[in-house]
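Enquirer: What follows is the residue order along each chain.
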Amino acid sequence: MSDEILIDVENVSKKFCRNLKRSLWYGVKDIGRELIGRSCQSGDLREGEFWAVKDVSFQVRRGECLGLIGRNGAGKTTLLRMLNGLIKPDQGKITMRGRVGALIALGAGFNPVLTGRENIYAAGAVLGLTTREIDTKYNDIVEFAEMEEFMETPVQNYSSGMQMRLGFAVATALEPDILILDEVLAVGDASFRQKSLHRVSGLLSKAGVVFVSHNASDLLRICSQGIFLENGHVKSFDKIEKSLHHYNEAAQFETNKQVRIFRDGLFFKRNKKCSLNKKIYRFGEKLHLAFTYKAEQDFYECLLVLTFSKKGSYVLQSYEFVSFKKGIGNLLLEIGRVDLSSGSYGLSLTVMEDRGKKTVATWLGFDEIKVSGKDGYGISNQAPMSIEITNENF
Amino acid sequence: MNDLSVRVYTPESKLKNPRVLFQSMWHDLLESRELAWRLLVRDISAQYRQSILGIVWAFIPPAFLAAGLLMARSANVINIGETDLPYAAYVMLSMVLWQTFTESLMAPITALQQSKAMLAKINFPREALILAKVGEVLFNFTIKLILVIGLFVWFQLNIGWTILLAPFALLTLIAFGFFLGALLAPLGALYNDISKGLTVITGFWLFLTPVVYPPPTAGIFGLIVNLNPVTHLLVTTRELATAVPVSHLTGFLVSMLITWTGLLLAWVTLRIAMPFVIERMSA
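Just so you know, the sequences run in chain order A and B. According to this note's numbering, the first sequence is numbered sequentially starting from 1. According to this note's numbering, the second sequence is numbered sequentially starting from 1.
Any given hint could be a false lead.
FRET-style restraints, in silico, Cβ to Cβ [unchecked claim]: (1) B:196 <-> A:214: 35 to 43 Å; (2) B:114 <-> A:55: 36 to 44 Å; (3) B:155 <-> A:175: 35 to 43 Å; (4) B:199 <-> A:359: 50 to 58 Å; (5) A:161 <-> B:54: 46 to 54 Å; (6) B:22 <-> A:238: 21 to 29 Å; (7) B:54 <-> A:19: 30 to 38 Å; (8) B:171 <-> A:43: 43 to 51 Å.
Keep in mind that the hints were calculated from the coordinates and are not lab data. We put the beta carbon where it would ideally sit given N, CA and C, even for glycine.
Starting from the given sequences, assemble the full structure and let the hints guide the process.
Expert: Take a look at the structure:
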């Protein structure tokens, strides 16, 4: 029974078009092509198109749960929609065996004017339950949602939490062979979340599951395998821990991307010509960073903070007070000791005015350094820093 | 566990394998009956729950139109030829039929628009939406039937055995509306020009159909009116119901052929187009 393959995805690709007008027009053309019986099984991208999902393959057996991870727009939901048969793949083949249930769009099909009872029947039918099935499950649904006294009330008078609870109760009344979960695992307040988690885990063991989430602990708890998607491509297909690890590493790389916020008239640039800039350091070595700055006004007694971070969290910090005179000048920072173990670190600079109350300039991830060689123990997470500032007036 | 239903999704056009396509269409049609019923019950109860006048709304448009035309005609402002029924009855009866046709025409597009959120997220047999709309049109007609029966009694209209054939002609009229509507629905879901255009066109179309005037027999106008399939379907339905000899038999038979083959075609189109439409709906 555990060998039963319920979801079989073979080299599936899907292309999308970013421009709405063009996308609509391609839609008309695709429909036309389908109608004359020509398939659009082409690997070519038309103008303005990109691969939302490219060459994805996997299998899910009963009792297995596959986690899909990736940043927003990586193609996870597109993949789910193809699995659900809502949209057609452009390449490849998807085989789904058994009844498909999805915990997406809770409460879809609810009509606000109608009562809870009427909506249970309508929403259940949309999800594929027969009237007889709903009849037998009706009490269970109402009891689970804890809404016995509201069944004759129009759904529009429910709170949003109550609507979610009822939607969840109906959606999970189905006993699917394949379960598709898009971010939703549990709804409602704390105690209801516990209940709904319990109910979902009951379904998980009997079905083949695909679960999209950004929540690492949920993923680790229910998934066995994980796929890490990036720009539609499979970057990693492995045990969930490993895929999550790859994802986190990639996310770390992303956080090393530069963010510059210079809104208050204080601007920084690296002084690349300075010979003191280096890329690779040893434990305990001195570090120099040269900048040029431009100040549109005087900034007195600013707190300048330099941060070394690894995987998004800071590990070492230096700070010193400094004043910037209106004009252009050079700024040289000397960090007394780089007490960091080997690895690569992102560097960020923040300048705050008014004893740290107001941030005037932020430059996250302006550089990356590598520390290699023999490790030592850093005594504190503060490193001494001295600042040399020269000013050339306009 | 071999009884699991298997679904395969590939980029291949479904038309490449017509046998499988028609089998799945038939299967989904049967499958969707219960859902269609649920949707129908849902939509109709919601429609009447927020209304005081309720079903009276079904009578108001044809009654007011008839009153207006009757006044204009008796004041000789407009010149309309003699009709085979008393004019007020003629207009009201024709208007009920015309409304049923335009409802059918708009139904598939409205169905897709109303259920956007559901369509984009849940995979259910799409036939159910259309079937529910057919049910709604029939339900609305049944309500209007009260007006029609009232007309028959008030004006003491003749009834013959041909009235037994009238429902069939009426169904064909409804089917013609659904054929055109379903054919346009995928485009209508992509571009809102379609539903806007349809509103304009139906307003114009009304004047190309013998609803407020008797069927013209000569001239270019007569030719245009006779090329309009709705003319034949609507006039024949009216004539069958009121025991007037059928005057547009050939036209009716041709229109009927167009309707039922067209409906099948529109169904295939809608089915094939849906994934492409949905892809763009939630984009």
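Enquirer: If you test the structure against every hint from before, which numbers come out violated?
Expert: Violated hints: 3, 5, 6 and 7; rest satisfied.
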